[in-house]
Structures are given as structure tokens and as C-alpha cells.
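Participant: Listed below are the residues making up each chain.
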Amino acid sequence: MRVNRRKFLQGTAAAAAAGAFSGPAFADDPIGVASIHDLSGGLDIYGKPMVDALTLAVEEANAAGGLLGRQIKLINYDTQSNMQLYTQFAQQAALKDKVAVVHGGITSASREVIRPVLDRFKTLYFYNTQYEGGVCDRDQFDTGVTPAQTVEKLVPYAMKKWGKKVYVIAADYNYGQITSQWVKKYVTENGGEVASIDFFPLDVTNFGSTISKIQAAKPDFVWSALVGGAHISFYRQWAAAGMRKSIPMASTTFAVGNEHIVLSPEECNGMLVCYNYFQDLKNKTNEAFVAAFHKRFGADYPNVTELAMGTYQGFRLWAEGVKKAGSVDRMKVIEALETGISIDAPSGRVTIDPPTHHCILDVHIAEVNDKKLNVLEDFSQQKPSDTAAVCDLIKNPNDNQQYVIKI
Amino acid sequence: MDLIVLLAIQVIYAIASLALISVGLAIIFGMMRVINLAHGEFLMLGGYAAIVATSHGVSIWIAMLVVAPVVVGIIGVIVERTIIRFLYGRMIDTMLATWGLSLFLVGLTTAVFGNTTVGISAPLGSFQIGAYRTSGYTLFVIAVALVLLGGIFAVLRWTRLGLIARGTMQNANMAAALGVNPPRVYAVTFGIGAALSGLAGAVLAPVSGVFPTIGVAYVAKSFITVIGGGAAILTGTVSASALFGTINQIATFATTPVFGEVALLATAIVLIRLLPQGITGRFFRRGL
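Line by line, the protein sequences give chains D and F. Going by our numbering, the first sequence opens with residue 1, and the numbers climb by one from there. Going by our numbering, the second sequence opens with residue 408, and the numbers climb by one from there.
In isolation and in its complexed conformation, chain F is listed as follows (with noise of 0.2 angstroms):
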């Protein structure tokens, strides 16, 4: 019974860190269609921004939850404004662009912090289930996913600012002749999506550590989870999780890590077969 509760715990954390390394980029990509291949930096630049504001005396909470999104965000709106707004539409330039982008940043962080993993231990201490102890951490994790995800859909769902990026979104000729300045609004939105990642990676930083290369482990699972999930951002994000987070942990306690991470991908490569344009292409086709 203890393992079971256990288990579950786990089974919901990677659901909340799947939903978490996705969904910038579910804004970014699902909302936006930019292939941003520098997903993954932004994650790690995120973590590192957590980490050196950590190291300069900051509370790790204000570094992980105010700092670390700040200065991805600002890094996103630069981003947008002196590469990717030259390329909306243009989606294989687009990704040519991103993907220098992502060696560049790989390279100056190298550069700047060099190649070994650096990290700080995660707060919160552990808990007791029964016979089984785990991370107060993970708990924390499962809160941050939660709330982000109820915070962006109540942002798209009841704000004027939501109903702006989402009618840019669908038309942006015709957001413009309503008054709306859908280059501003593309410059902000792509900021937001940078800084829910920036924030996410700060928030697995405790527990992966950051390194330079370290997007390359997150990135393919972030487009797997959004274009599994498909249209419906929210909706599709969160559905994807569940479905790739469940297989994936109860594959890798059932057997070893190597086959939870085919499991994931098998369901992937399965899941896009039969459904062309992902969960929410067919379910829940009214979600968000």
C-alpha cells in the first residue's frame, strides 16, 4: 500500500515535469508554430540564472520563482526581437535559426560557466510514507505544475491579454485592424513562453543539476509532449503528460529505466499514427 502511494507520487511528478519542460514551448510552438529548437537552453539557462542568483545570497525560492523566469523572459523577448520576428511563417528557417541559436548559448555558456555540472541541493527535505521515504521536493514540483497550468489558463481563458494573444494568434490581419499591434503582441507572448520555461528549468534544477548540454535531454521530450498533445495547448500538454508521464514511470519501476524511456517513445511513434494531429486533435477538442 505504501508503495503504491509511493509510486503514485512518482507516476504525478513526471506527469508534472513533462508538463512543465513543455509548456513554453507549447506556447512557443502550439500558439506561435515556431519550431524553437533552443527549448532546451532556455531550460538551462533558467536553471543557471537559479543557480548563480542562489550563489549571490538571493533565497532560492525568489532565484527559482522570480529570477530565474525574469531573465529567461527578457532573453525571449531579445530573441524574438532580433531573430525570429524577421521568420514568422517561414518554419524551416525558423528552425535553422533556433538551432544555431541553441549551439551559440550552448557555447557561451561553456564559455562563461564552464563544463561541469553545478547545482544546489533541493529544500524541503524528505517525508515518510509508510515504510518509504521521498523528497519533500517532488511535492513541491507537483505545486509549481499546478499552479502555472491554472494560472495560463485562467490568463488565456478570462484576461483581455489572453483573448488578445489567442485572436492574434488565429488572425493576426485581423487582430491589426481592430487595433491590436500583433508584433507587440508576438514579442510578449514568445517572452512568456521563454519565461515558463526559464522557470521550469530553474525548478528541476535542484534536482538534475544544470550543465551547458543539458537542454539536449529535455528538448525531444518537450516536442513529443506538445505535438502528442496537439492543438489545444493546454489541454493537449497536460493530456500528453499524463499519458507519456504514466507509461513512462511504471515502465521503469516494472523494468529498467532503458525501457521506460522506449515505452515513452513507443507510445509516441503509436499515438501520432493513429492520431494525426494529436489527443486533442480528436478528444477534447473544445479544450484550451
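Isolated chain D, as found in the complex (with noise of 0.2 angstroms):
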């Protein structure tokens, strides 16, 4: 058949004519689910898990039927580690892919990008990670524990088993500047003194000088919220100079990215961390997710982290929500989220808590020994009290701000 002109705009007019009428959504359309997580990149260690729990989440609630009858399709974004990249995936999962729901961000600063962009297309919002508490947005949820959760917990528990002068050594941008004035507070709450905040820039290798200064301070030991692959560095370096064995070591984000399998045990042994989740917690819902995790990802697989749980619950979370309002629609999803609706999750109950839209939910003091987090101490249904003493979405519907803690 030769094509002619006068038969090809025959045929693209028939093709646009059928296109037109495909347009609104049929009852049984999937709904989408955007993950926008860093899977390459300097923060590769955080995102991969995350989004293999949030993929096992998504396959699971499909397998039982969907929500509301619809199949669940997850539109994955690989932001890079490059924060440009999360505004451009963050508005084409917003106005491209229209999503219900946005799952994503893993520093503080990669939130802060998104965050707005979502608020501004009316696209609900689950953050996952553990983070430094205060943000206070309607459209958000945040699923991860906070200092009032962690810090509060472990500050005391360091200090009674170790002394009562802290040097702190953190990542530079909001996520340690502020993480670190958390842990001066409830240090210099329970008594104790802050010998020095040092903040390091993500890609800082050689933490010689800081070694020096740190033994120079003399303090009975060292909290770490440093991040990223290049910050691993600094426990080599501290190992190596001979002083694990002499000051002692408690930290916010170590493990997070399995840094305890990374590195050898005579680097890491001893150090002491508080999270949500622990992929060895005994309990039969945790037992099972365990076993369906490593069936789906392989039984070699590392470790489920922190951050990999925080995103499987935060889309428990969604789900229920959504079965709750009977819609995917934004503000009913968000109403029915802000009943305090609650799952039976990995880690323990998890329960939304309305006025700040954070989770109450259990943690547990750990220790790093020989690549694995042995759990020493139990809290149970912790609320975030450093939110909501400054949020309340109920009073305050419009709020949109991160508070920060002042000293």
C-alpha cells in the first residue's frame, strides 16, 4: 500500500479520534504509586532497600486483590543521589503520571525539594526516613522515628554507661545541623556537657585532624549522625587510630545503610544505636515479613533496614488510609488517615498520630556486634513529642513549615 498524504491524515486523525476517547479512567485503571528514591549514587545504600520494600508492598497488597478492587502499578524514579533530579521526577509523578501518592526522599534536603513541588500539585506525600522531627504539612506523612523518639531514648542510655562529656560529629546540611542540636539538648538535659559539634561536608574522606581533636577533647565518647558512603571513612580512620576500644561510640545513623556489614567487626563492634525496626525483632508478623522478604530478594540478602521498613510500613499506612476513605482521592485519603488509623506492622504497632501526622510506634536500643544489631532495650508505643509540641495540623490545618528546635 503506498501511503499518500491524504491517507496518513486519514489514519493519524482515526488514531487521535481513539486516543480522545481512551482519555478519562476506567473503574479497574491501576492506581499509580511513585517511589522517587536515590537507587545510584552516593546514597545508593540508603535507596536500594527502600525501594525492594516498598516493590515487596506493593506486590503483596496486589497479589491480595488491589485496593479497592484496582491492581497497583509503582512508577519508579532513580533521582541519582542529584537533588535537581527529585524536583523534575517529583513534578512528573505529580502532573505526568498524576499518582495517588508519592513515596520518596532520603536526606532531609531531597524532602525539603519535593515537599513543595507536591504541595503545590495536591499530591499526597509519605516520607519514610528517620529524620531530625518538625516538619508540619497537611499533605505529608512521615513515617520515620524522630530525635524525640531515638535521641531522647539513647542520650541517657550512653551517658549512664559511659560518661556524661559528648563530642558529636555530623553531616553537614539540616538533617546533622539539626539532629545535632537534638543531641545537645537531651544531653544537657540529663546532665551532661556537648565538648564540640564538628560538621563534616558529604564527601570529606580524610578525618585525620578531626581524630587528633576529638582525643584532644577528651570526651567519654563520640555521638555520630554522619552520612553517606564517603563518611564511612571516619570509622575506618577512628579504628584504625586505635580508639574503639578507647572511647566508645553511639550514633543516629549508623546501620542505616548496613554500615555494620560493611565494615569489619573490630571497626564497628560496640556501638550503640536506637531505631524503629531491627530486622532480628521477635514477633510473629516480623517473622513472616522476614521470610516473604527473603523469598522475593533472595535469603542472602543483607539486612532490612531502618529506612527499607519505614517505606514498607509508610505504604501499609497509605493502603489502609485508602481502604478506610474508599477512594484515592487526596483529602478524603487524608481524613481518614487523620482518624489515627493503625497497622499491625514488622516493628510493632504503628499507629498515625492526626495533629502531626508522624507515627507513634515502638523502639529499641541496639548494639553493633560482629555484623549483626543485637537489641538490648525495648520502648514501647513512643510518641513524636518534639512535633507535636510545635504542630498541630488539627487546629492548624494550613500550617507548612519545619520547625527547628532553638537552644
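Please keep in mind that the hints were generated in silico from the structure rather than gathered at the bench. We treat Cβ as the ideally placed atom computed from N, Cα and C, and that holds for glycine. The reader is advised that the hints may include incorrect statements.
[As the list claims (entries may be wrong)] Pair ranges (Cβ atoms, derived): (1) D:354 x F:507: 49 to 57 angstroms; (2) F:468 x D:372: 25 to 33 angstroms; (3) D:287 x F:481: 46 to 54 angstroms.
[Stated by the list, open to error] Quick look at which bits of chain F chain D covers, simulated, 3 or more residues with Cβ under 8 angstroms: (4) 410-424; (5) 554-565; (6) 598-609; (7) 649-663.
Hints in hand, dock the two standalone chains.
Facilitator: As C-alpha cells, then:
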């Protein structure tokens, strides 16, 4: 058949007409869920487990018949540890894919990049990472732990064990800056003293003079809020200088990127951490979850991280909200979630705290021991009291900012 | 007093590591005038070579001091034969080509090794200085830098190979007229520059760990050092490393690592403003 101009126009017109009619969504169209995480670049140590957990959560939901009778379609965006891509992909997810919800953001910097974008385009946003607290935004839910849930527990525990003088080292961006202030607050409240707070850009790899400085300050222990691949070298240099045995360490970030598996036991045994989830938690839901996870991603999967569990729980909470609302409409789901929805999750019971949009959940203190995290103490059902002190979205639904601790 | 000794060791260590990461570039850029933007990736490949060899049961010393430079040296010769040799004298084109090479190497290592930080524990343990402790490996890095710089000096100054290399870089046509084969000299020199980078990357791997994009952390500092050093590659690298390393460490110790980096960069800017030809453009002009 020869294609002349007339035939070509007839054909394209027909195709265009067919396209126009297929526009409106049918009831059995899949529900779009966007995942915006760093799957490459320096932060992929955090992003990969998060996306795996989200994939499993979506597959489980689809196997159980989907949501509201519709299948769920997971749309993955890899932000490559690049802040500009966060803006771009958040816009694509909201405007092009018109997703029902976005799960994503790893560093607090990336969250603050996509939060205004999703606010503007009225797309529901779940941030599933443990972070410095204080975000107050009705469009967003935060399923990770915040300093009042972790730092508040770990500071007195570590001070009782090791002593009152603390040296804080932290990554130099909003997470490290704000978290270190929380550490200072709790140390002071417990009658201790912060010798110094040092910040490091994310690409610093030589910590030699800092290690000398810490020795000169003679703290009872060091608090690390270091982030990312380059900062792992701090722990190596610390151990190589023979310091691990003389000055112990506690952290709000260690093991979140499986640092305890990357490093050798001689480099990090004895470090204390505090999170919502540990893979070895003993409860039926968790054992079933870990079995399903290993079946899906292989039994040699190194470790299900805090952030992976946050993402899994974040999706489950959203799905509960959708079921309760009977719709994926943003406002209806927010109102359903604000009734204080709970799920029985692998980390224990997780409940949305309506005024803050954060979560009430269990936390545990654990110790690094031979590439494992051994749980030492449990704290049941902790409230996000740091954010609650400043944020009440029931009273002020239009509040939209991140409150920052002032000392 | 103990603290001063400890600080002095840190300063010398900073100088040594700057010299280590720059010396390969000094040869490739300083001698051959090739702006090698893939320099950081040569360091990164050296680190991976050492770590892969160690995990296959090779002794860590052999892995760092033999395997890494040999592997990266061979890669360097291949790169020179397939890419660089067509681009001598075309500075902008070399920059583009080596930048492309850098992206390619980052992508390739990410595909092969993944993007997680890998590393080996530093051997040699730690030692005591009064009330303070520091890593024995620090002294090893300093020693490697000294031996390396001494070796390069000896080769360039006293051997026929060094003489031929220097002659070819100064005037390739004249060298060719005297029976030297310049393409071969270029390939060998580029290979040696790459091998030195590989060695440096391997020696620093236990300190900083290795991941595919670690080259970025090195490449800017090496260029600043080499350009700050000026025309005499060896004297220049050593004097610029000494200046930048000292300022960086003292500023880091006195304030924070952020200001340490700022101080280093500020010094570099002032230096290039005052001495556009680098340190050896004004001082030590007869150096090597």
C-alpha cells in the first residue's frame, strides 16, 4: 500500500480520535504510586533497600486483590543522588503520571526539595525516613522516627553506660545540623556536656585531624550523625588509630546504610544505635515479613534496614487510609489517615498521630556485634513529642513549614 | 607537646597524601600537557584493584604496591593508545575525551562492583604518642610518598629513560631526529603516570574506602596541587602539597573541616593570582 498524504491524514485522525476517547480513567485502571529514591550515586546504600521494600509491599497488596478492586502500579524514579532530579521527577509524578501518592525522599535536603512541589500540585506525599523532626504539613505523612523517639532514649542510656562528656560529629546539611542540636539538648538535660559539634561536608574522607581533636577533647563518648558512603571512612580511621577501644560511640545514622556489614567487626563492634526496626525483632508479623522478603529478594539479602521498613510501613499505612476512605482522592485519604489509623507492622504497632502526621511506634536500642544488631532495650509506643510540641494540623490545617529546635 | 607531635604527623600525612594523589597527574599533565580529567578514576581503579586482589587472597602489601600500579598502568597504556595519542596538542579535545572516559569508568565500575562503599581495614595497628593514639598506617602512607617521590627524582635525573622522557616532552621532533621513538615514550610516560595514580589510590583505599565516584573527591585537589606547583613537576608537586596540606590541616584542627577546605581553596586562589605560573614559576626554577 502506498501511503500518500490523504491516507496518512485519515489514519492519524482516526488514531487521534481513538486516543481522545481512551482518556478518562476506567474503574479498573491501576492506581499509580510513585517511588522517588536514589538508586545510584552516593546515597544508593539507603535507596535500594527502600525501593525493594516498597516493591514487596505493592506486590503483596496486588496479590491480595489490589486496593478498592484496582491493581497498584509502582512507578520508579531513580534520582541518582542528584537534587535537581528530585524536582523534575516530583513534577513528572504529579503532572504526567498523576499518581495517587508519592513515597520518596531520603535525605532531609531531598525532602525539602520535593515537598513544595507536591504541595503545589496537590499530590499526597509520604516521607519514610528517620529524620530530625519538625515538618508540619497536612499534605505529608512522616513514618520515620524523630529525635524525641530515638535520641531522647539513646542519650541517657549511653551517658549512664559511658559518662557525661559527649563529642558530636555530624553531616553538614539540615539533618546533621538539626539532629546535633537535639543531641545537645538531651545531653544538657541529662546533666552532661557537649565538648564540641563538628560538621563534615558529604564528600570529606580524611578525618585525621578531627580524630586528633577528639582525643585532645577527651570525651566519654562520641556521637555520630555522619551520612553516606564517604563518611564510612571516619569509622575506619577511628579504628585504625586504635580509638574504638578507648572512646565508645553512639549514632543516629549508623547501620541505616548497613555500615555494620560493610565494616569489619573490629571497626564498629560495641557501637550503640536506636531505631524503630531491626531485622531480628521477635514477633510473628516480622518473622513472616522477613521470610517473604527473603523469598522475594534472595536469602542472602544483607539486612532489612530501618529505612526499608519505614517505606514498607509507609505504604501499608497509606493503603489502610485508602481502604478506609474508599477512594484514592487526596483529601479523603488524608481525612481517613487523620482518624489515627493503625497497622500491625513487622516493627510492632504503628499508628498515625493525627495532629502531627507522624507515627506512634516502638523503638529499640541495639548494639553492633559481629555484623549483627543485638537489641538491648525496648521502648513501647513512643509518641513524636518533638514535632507535637510545635505542630497541630488539626487546629491549624494550613500550617506548612519545618519547625527547627532552638537552643 | 604530645598533641603537637600528633598534629605534626597529621600535617605531614596530609602533605604526603596530597603529593601521592597528585604525582601521577603531575607527570601526565605537567610533563605531557594532557589535561586528564579521568585522573580521579585512575585512583579509584587502583583502589578497586587492591581490594579485589586482597579479597582473592593476595597479601595486602602486594595488592597495594604491585597489583594496583600494574593494573592501572596497563589501563593507562591502553587509554593512551586508543584515545589520547590522537589528541596531543588539542587541549580542549583531550579534556572532553578524558571527561567522557571518566564518566565511562564510573559507569563501568558501578555496573561491576555496585555503588556501595567497599574497603579493607588498615593494617599496622596504632601506636601511642604520650596520651594520644594514632594509626601506624599514617606513617606507612608518609613513607610510600617519600619513596615514590625519591624514586621519580632518581629516574628522571639519573637514568637514560628519564633523560629520554624529559627530552621528548621538551622537543619531540628533536628527540625523534636523535633516534628516539616519541609515540613509545608518550605511551610509557602516560602508563607510568597512570600506574602512580593506581598506586596512590590503592595506598589510600584502607583510609577512605572505595566507591565508583570517589574520584571526584580527589580530582579537584590534584589539579589544584599540580597547577599551584607549576612547571617543575616534582619540586612543584612537593612544594604545593606542603603549602596546601599544612594550611588545610591547621585550619581543620583550629576550626572545622569545612573551613579547612575553604582555607585550602582560598590559598590556591591567592597563590595563582600572585604566581600565575605556580610556585616553581618563581621559586626553585631549576628544580625538576
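Participant: All hints, please: hold or fail.
Facilitator: Hint check results:
1. Judged by the Cβ atoms, the range 49 to 57 angstroms given for residue 354 of chain D and residue 507 of chain F holds: they are separated by roughly 53 angstroms.
2. One distance hint, 25 to 33 angstroms for the beta-carbon pair residue 468 of chain F and residue 372 of chain D, holds here, with the actual separation near 31 angstroms.
3. Between residue 287 of chain D and residue 481 of chain F, the C-beta spacing of about 51 angstroms keeps the proposed range 46 to 54 angstroms intact.
4. Counting residues of the segment 410-424 of chain F whose CB lies closer than 8 angstroms to any CB of chain D gives 7, so the stated coverage by that chain holds, three being the minimum.
5. Given as covered by chain D, the segment 554-565 of chain F fails the check, having 0 residues with a CB less than 8 angstroms from a CB of that chain where 3 are the minimum.
6. By the rule of at least three residues with a Cβ nearer than 8 angstroms to a Cβ of chain D, the coverage given for the segment 598-609 of chain F is violated, with 0 such residues.
7. Residue count for the segment 649-663 of chain F with a Cβ under 8 angstroms from a Cβ of chain D: 4. That meets the three needed, and the coverage hint holds.
Comparing the model with each numbered hint stated earlier shows that hints 5 and 6 do not hold.
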